[in-house]
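K.L.:
If you want the building blocks of each chain, they are given just below.
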Amino acid sequence: MEQTPAADEQDRELIRRYLDGERDAANGLVGRYQKRLFNVALRMTGNAQDAEDATQTVFLNAFLKLQTYDPRFRFFSWIYRMAVNESLNMLKRRKATVTLEDEPAIRVSGAARTTELQDRVGKALMHLKPDDRAVVVLKHFVFFTYEEIADVLEIPVKTVKSRLFTARERLRLTLLEQADESC
Amino acid sequence: MLNPEQIELIHREIDGANTADESAAFRSLIEGNPEARALAADLRRVTAFLEHGGLREPPPRLQQTILDALGTPARASPPAIVRWFVSQWRLVTERMEAMMTRKALLIGSTAVAIVLVGAALITGFPPLGGGAGTIGGGDSIPGVQQAARYHGRVMTQADVSLKNPEIQALFQNDQVLHLVQSNAFQQVMRNADFRALQSDAAYNELMSSELYHELMANAAYHELMADEAFRDLQAKGAFRQSQSAEDMRALQDNELFRKLKSNELFLRLQENELFRKLQENELFLRLQENELFLRLQENELFRSLQSDETFRKLEENDLFRSLSQNEQLAESFMDEAMRFHK
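Residue numbers (the working numbering), protein chains in the order written: chain A, 1226 to 1408; chain R, 138 to 479.
I should point out that these hints are in silico values taken from the structure, not numbers from a laboratory. Keep in mind that a hint or two might mislead.
Claimed, not checked - When the alpha-carbon atoms are kept at most 20 Å apart in a straight line, the in silico SDA-like pairs for lysine to any residue are as follows: (1) A:1383 / R:152; (2) A:1290 / R:200; (3) A:1260 / R:195; (4) A:1386 / R:143; (5) A:1348 / R:149; (6) A:1348 / R:182; (7) A:1354 / R:187; (8) A:1386 / R:195; (9) A:1354 / A:1399; (10) A:1317 / A:1275.
Unchecked claim - In silico contact screen, one side only, chain A against chain R (beta carbon under 7 Å); selected entries: (11) 1249; (12) 1251; (13) 1277; (14) 1281; (15) 1285; (16) 1286.
Each residue gets a CB set at the ideal place from its N, CA and C atoms; glycine is no exception.
Extracted from the complex, chain A is given alone in its bound form:
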């Protein structure tokens, strides 16, 4: 879903109000972004608890740094970039204790357990390289255009396409393998 200029303007207005001391504005910004940032972190880390922690960290850092935020740049690019980077940092920290192979796709507890298909999505994503996964997540879970992904990840559009196409080819092969195994 392309971020519209009107949405950018609403972000700027909420930031201005927050800097002016209005608590409601923080509520507005969190409300606008928490679901999508949580899902980005969830798909990047493959773990619901990590995703929750990452989302909190991103928002707290964002509010802390809002006074230095330059409104010439789009807020959504800035905050999504923070979410991807925080998720990558979390993966690095976790790598020291847990190997990727040991990690279940998306760990959630009790009634919130995901369906088998969603588990398969999570597992397949975790087999991608983190850089490739970031592109897939921004494309298929928050529906960004190639240009928006390039903006968020600060890479050329050509690299976005190359990573996305490679990652999807890998996912395609993974799915074919899974289909063969289940036969």
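Given the coordinates of chain A, assemble chain R onto it according to the supplied hints.
P.N.:
Chain R only, in chain A's frame:
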């Protein structure tokens, strides 16, 4: 064997990034090339697989946890606010510079300044500060302008009294008085969902937007909102998904959606540019996920009030918005309206 250009063409088609000409080239490619057809089908399956289930709801406590951790925001220091405005101004001027030469900018700015000063001399300079000048005057519905002084502070019974000149001004307006004394208004004001919705930032911002005003004046939209199938689909978030993912396939199995597709009103509304714009509006999309708003849409009285221009203007008034969040103050407001005599 497909070449890299053909592979990219297929991927771009899956992503909806091709131009009309490229899409035609894609169709021609898959018609004549079984390998291309197989790859396109596989990639569509990968996309459907990834997007299955849509976005997961974050834990309900997440938003509050973040806000609690933030604490009360310290008012930004004056230099921070100045920095903000300077950077905003820089943004505006940079865009203008792209369109105008420096000389033209100077001439243009001078002309704008002269027009503004001239207009101010004729109509009077606007008052400084936020307190004065909120009652009466230039709005299309006198007495219903923003009264920003009530925003963010606890209101008391004394604010909701005929002794308050702003309440007086509201009731002096025949349209407002008629609305407030109506049965539909009183029932909606007594609805707990409505009161809770008054403090929702997305709802308040959307109510103030021109786009929303225009849509609310659209009869087709109201007829569609009265349609249970449409509301059910909205409540399930399925409609939103179809808009954002640009992937209608998942919806084809949805019985409600199939029913809706044969609904003439829905088809008319899909062709309505305002409605399409609104579907891209982040505030509107957020409201579609707001349970209070969805529940209120089931309420015929609320829907009828939404299309009432006076009600919408009233909803933009901070005094009204603040008092309507509180059951007792809302009751007092209606009581005062009933005993108001010009």
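K.L.:
For each hint, tell me whether it holds in the structure or not.
P.N.:
Cross-check of the supplied hints:
no.	hint	result
1	A:1383 / R:152	holds (15 Å)
2	A:1290 / R:200	holds (19 Å)
3	A:1260 / R:195	holds (6 Å)
4	A:1386 / R:143	holds (14 Å)
5	A:1348 / R:149	violated (25 Å)
6	A:1348 / R:182	holds (16 Å)
7	A:1354 / R:187	holds (16 Å)
8	A:1386 / R:195	violated (29 Å)
9	A:1354 / A:1399	holds (14 Å)
10	A:1317 / A:1275	holds (12 Å)
11	1249	holds (6 Å)
12	1251	holds (6 Å)
13	1277	holds (6 Å)
14	1281	holds (6 Å)
15	1285	holds (6 Å)
16	1286	violated (11 Å)
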